[in-house]
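Using the working numbering, the first residue of the sequence shown is number 51, and each one after it goes up by one.
In short, the hints are calculated from the structure, not lab data.
These numbers come from a predicted model, not from an experiment.
Zero decoy hints are in this set.
Label-pair restraints from in silico Cβ distances:
| # | residue 1 | residue 2 | range |
| --- | --- | --- | --- |
| 1 | P185 | I107 | 37 to 47 angstroms |
| 2 | P105 | N128 | 33 to 43 angstroms |
| 3 | A180 | Q103 | 38 to 48 angstroms |
| 4 | G245 | M96 | 33 to 43 angstroms |
| 5 | F98 | R70 | 37 to 47 angstroms |
The C-beta atom is built at its ideal place from N, Cα and C for all residues, glycine as well.
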Amino acid sequence: MSDNIQVLSRDASANVAQNRVLRNTYALLGLSLIPTAIGAMLGMQMNFSFMAQHPIIFTLGFFAVMFVLFQAIAANQNRALGIWLLLGMTFLFGLMLGPILQVAFALRNGAEIVGLAAGGTALTFLSLAAIGSSPARDFSGLGKFLFVGLILAVIASLVNMFLHIPVMSLAISGISVLIFSGYILYDVNQIVRGGQTNYVMATLALYLDIYNLFVNLLYLLMSIMGNNRE
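Start from the sequences and build out the full structure, keeping to the hints where you can.
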């Protein structure tokens, strides 16, 4: 009898801890949207001519900076510094929205397209997070398939930087929407099932899911709906 009580007590404690991580993750995720929005507004006013002239160098440099930031956040995930580094990273990601937002708002229906992308991203996140937040469901098996799909999408994107094939870009974005939607489901489920116990790292994962989902959805909508420039 006492053994059963101890087991139930441990399970209850684990559930409380997992719910706390999920609440803290959502709170920090909401906070991270503020520097992202500030960065995006500044990015829309910036000149990205170097990025346009040297896309490969810029991309590799950006990946290098992000890799260093990711490592720094992971090393400080249990400190306040980890939170500040995460918020600084989201500001940089906001800046990087500048080029695609400049193109989007140059379209006659640009505001509508951006709004649809943002709304679609929010709806997708809320729906999949609700499904993934059930501890009774186990989506851990998705991890390997999503990782392989992500690697292939990154490789295809790098190849297309040389080929410049519009149809290939559309296909990559479509597949990326599915991949990052799957990652939202997977990452939320990891939290509620105890696979991720640090809310800073959980926020980092979900932020990247949402950011990449938005960017790829925006590109798809621009390609489909944005034929006319002002």
